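Sequences and hints are given; from them, build the entire structure.
Those protein sequence lines, which keep their order, are chains A and B. In this text, residue positions in the first sequence follow this note's numbering: the first is 1, and each later residue adds one. In this text, residue positions in the second sequence follow this note's numbering: the first is 1, and each later residue adds one.
Since the hints were derived computationally from the structure, they do not count as laboratory data. Hints are not guaranteed to be accurate.
Listing some non-contacts, in silico: residues in chain B with all C-beta distances to chain A over 12 Å [as the list claims (entries may be wrong)]:
1) Leu-114
2) Lys-121
3) Asn-180
4) Glu-202
5) Glu-240
6) Tyr-248
7) Glu-250
8) Glu-253
9) Cys-260
10) Lys-280
11) Asp-294
12) Gly-316
One side only, chain A facing chain B, incomplete, derived with CB under 7 Å [said to hold, decoys possible]:
13) Val-40
14) Lys-41
15) Asn-53
16) Ser-97
Since the model is a prediction, treat every value here as computed from it, not as a measurement. We treat Cβ as the ideally placed atom computed from N, Cα and C, and that holds for glycine.
Number of protein chains: 2
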Amino acid sequence: MAGGRKELVNISEESLLENIVKKFISPILPGEYLEYPDDVKDLILGGPKIIVNIDGTSINSVKLPWRNYSDVGWTIIVGAISDHVVKGSFPRDVFVSIGLSKKDAHEILEELYLGINDAIKHYNLRLLGGDLNSSNDPWVSVAVIGYTSAKKPPRRDTAKPGDRIIVTNIYGAMGYVVYNKLIQNPPEWVIKATRRPLVYLETAAIIASNYRSIHASIDVSDGLGYALYEISKRSGYGIELYEKPIYYQELEEHCSSDRCLWEYILNGGEEYGAVICVDKGQADEIIDFFKKFDIPHKEIGVVLDTYPRVTIKDVGKIKLMRWDQFGGWIEIK
Amino acid sequence: MAGGRKELVNISEESLLENIVKKFISPILPGEYLEYPDDVKDLILGGPKIIVNIDGTSINSVKLPWRNYSDVGWTIIVGAISDHVVKGSFPRDVFVSIGLSKKDAHEILEELYLGINDAIKHYNLRLLGGDLNSSNDPWVSVAVIGYTSAKKPPRRDTAKPGDRIIVTNIYGAMGYVVYNKLIQNPPEWVIKATRRPLVYLETAAIIASNYRSIHASIDVSDGLGYALYEISKRSGYGIELYEKPIYYQELEEHCSSDRCLWEYILNGGEEYGAVICVDKGQADEIIDFFKKFDIPHKEIGVVLDTYPRVTIKDVGKIKLMRWDQFGGWIEIK
Chain A
1 MAGGRKELVN ISEESLLENI VKKFISPILP GEYLEYPDDV KDLILGGPKI
51 IVNIDGTSIN SVKLPWRNYS DVGWTIIVGA ISDHVVKGSF PRDVFVSIGL
101 SKKDAHEILE ELYLGINDAI KHYNLRLLGG DLNSSNDPWV SVAVIGYTSA
151 KKPPRRDTAK PGDRIIVTNI YGAMGYVVYN KLIQNPPEWV IKATRRPLVY
201 LETAAIIASN YRSIHASIDV SDGLGYALYE ISKRSGYGIE LYEKPIYYQE
251 LEEHCSSDRC LWEYILNGGE EYGAVICVDK GQADEIIDFF KKFDIPHKEI
301 GVVLDTYPRV TIKDVGKIKL MRWDQFGGWI EIK
Chain B
1 MAGGRKELVN ISEESLLENI VKKFISPILP GEYLEYPDDV KDLILGGPKI
51 IVNIDGTSIN SVKLPWRNYS DVGWTIIVGA ISDHVVKGSF PRDVFVSIGL
101 SKKDAHEILE ELYLGINDAI KHYNLRLLGG DLNSSNDPWV SVAVIGYTSA
151 KKPPRRDTAK PGDRIIVTNI YGAMGYVVYN KLIQNPPEWV IKATRRPLVY
201 LETAAIIASN YRSIHASIDV SDGLGYALYE ISKRSGYGIE LYEKPIYYQE
251 LEEHCSSDRC LWEYILNGGE EYGAVICVDK GQADEIIDFF KKFDIPHKEI
301 GVVLDTYPRV TIKDVGKIKL MRWDQFGGWI EIK
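If you want it as structure tokens, here you go:
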């Protein structure tokens with residue numbers, strides 16, 4: 001065997017992580033040389049400009065009673081790539097850092113990775129690295145590298161008066177959960193809508209190829225109300241909503257007023273839709289793109305030349321809540 | 001004030017994270033458009049090839065009694081960039097995800113960020129984003145983007161028989177800590193050597209410009225013995241050590257044998273040196289570079305054409321330990 005590679009005679013017990021990651025790690029591309037278990041990865045670029053984020057999550061905060069750990073893994077990846085899509089970036093390369101307790105690491109890790117892997121495959125991503133840490137309060141942190149052709153990806157603080165606001169995806173299911181906090185067995189439509197949230201990758205193409213007319217954007221991770229409030233506050237202008245985004249019709253059984261519907265719609269979370277503020281002259285063109293790509297969407301409002309605030313036509317101001325890591329459900333003022 | 005940006009009349013209490021991150025976040029470069037608090041960051045590339053890693057840490061696992069939280073922040077950044085340097089990558093862009101408990105987040109977060117910021121400034125990095133999560137067992141996860149001119153960054157599994165092994169940095173201090181596990185007040189030299197570990201960025205330049213002759217590399221994060229063992233196991237060849245790396249001379253007061261010195265040297269951690277396996281014909285040239293850059297280094301051994309194992313000339317095999325997140329200090333076999 002001189003000159004050839006040799007097996008260890010007494011191979012040590014491979015680490016838990018390595019055994020599991022090996023199954024799910026993506027193959028390297030021609031022109032790439034590093035791979036797991038090396039601590040870093042070299043990347044062939046997937047576009048002219050790279051976009052990066054890191055997104056940490058306490059596992060317990062996303063572990064709804066009807067989500068198993070593979071649903072949790074899925075949801076965490078979707079949450080991390082949603083940040084990209086809304087900035088016109090195609091997410092591609094994913095790195096995952098995980099903290100689990102010694103007690104349940106064996107049980108949870110593989111299930112988590114199964115859901116992570118489902119999302120990696122579904123969204124045509126690559127899982128390129130990760131590590132495992134000991135933690136009595138389990139967590140996942142995901143770094144995603146995406147690529148865009150947009151010279152100027154839209155910020156959240158640059159909406160302009162007159163911009164028309166387009167919102168993608170469907171609302172109200174997580175709002176239902178929020179308003180029925182301790183619910184263990186919600187109706188089937190709520191489970192279906194929230195177990196594994198979806199993000200529409202093609203939104204990235206629409207935003208990247210129209211970045212000049214899209215003045216501002218943000219994704220909906222902590223509720224649509226909070227997303228709109230962020231755009232308003234950061235941009236320094238008011239927002240008036242004149243139409244509801246697409247919402248689950250089942251909500252109408254629970255609401256006898258418009259105000260009630262709006263509360264469910266605005267105070268949810270993890271819908272991973274896009275809120276985009278489009279130059280008023282180009283909004284119709286952008287809406288056409290959403291139609292062509294079959295992405296559920298609706299024009300819901302306008303940016304005003306007033307002090308920052310979010311109001312609803314014929315309804316006024318409603319109480320906006322958001323989930324705060326430290327404060328729990330807190331009112332946005 | 002028509003047309004201008006307006007302040008919120010009733011500004012909500014800004015989040016803890018935002019107040020602190022604002023102080024430390026790096027300014028964007030010309031040609032970059034996104035910045036905190038947007039969820040992603042666009043990057044102007046700092047080199048022809050990008051290198052990425054994610055590195056999670058349980059805060060308690062690096063909180064030596066003589067480290068405050070700013071030392072912990074420093075150490076975590078140094079640990080994350082060390083992975084880059086040893087692959088010929090200049091780390092530049094840093095994203096930090098943090099988990100802290102509600103109880104002590106206020107107290108710890110700013111101190112952590114002070115140390116993170118010290119490392120960012122010292123190593124000419126950029127802090128570009130981060131998030132804060134609730135966790136009863138505090139953690140930090142860091143993603144780093146680096147850049148390299150090396151077409152093929154060295155892997156850890158491609159050492160070749162005959163390669164000479166060069167090791168940078170100084171050993172023995174963390175070994176001293178490991179062998180005196182419950183020590184609260186170690187001697188001053190140990191504190192000085194371990195409180196804020198150092199990494200030598202110029203190592204990246206040496207590796208990037210000599211990647212053809214550097215067959216394999218790994219950084220020393222879990223002990224020099226483990227690093228050598230990884231190279232040996234993954235490459236499929238044995239390693240013989242014939243000289244000690246640079247070590248703290250104070251160790252000689254504690255050791256009456258070579259075997260004892262080797263134990264302290266090999267069973268440490270967080271030294272963040274580089275272990276590189278160099279084609280035997282080019283090793284002198286590489287050593288010259290380390291001299292010119294004033295990086296502490298030593299040629300310590302050779303890759304053999306035998307089964308994987310790490311042995312020491314005139315000493316034989318010694319017990320190698322490494323820190324395992326779940327198993328604690330475990331023997332490497």
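Tested hints:
| no. | hint | verdict |
| --- | --- | --- |
| 1 | Leu-114 | holds, 20 Å |
| 2 | Lys-121 | holds, 20 Å |
| 3 | Asn-180 | holds, 22 Å |
| 4 | Glu-202 | holds, 18 Å |
| 5 | Glu-240 | holds, 15 Å |
| 6 | Tyr-248 | holds, 26 Å |
| 7 | Glu-250 | holds, 30 Å |
| 8 | Glu-253 | holds, 33 Å |
| 9 | Cys-260 | holds, 24 Å |
| 10 | Lys-280 | holds, 16 Å |
| 11 | Asp-294 | holds, 25 Å |
| 12 | Gly-316 | holds, 16 Å |
| 13 | Val-40 | holds, 4 Å |
| 14 | Lys-41 | holds, 5 Å |
| 15 | Asn-53 | holds, 4 Å |
| 16 | Ser-97 | holds, 3 Å |
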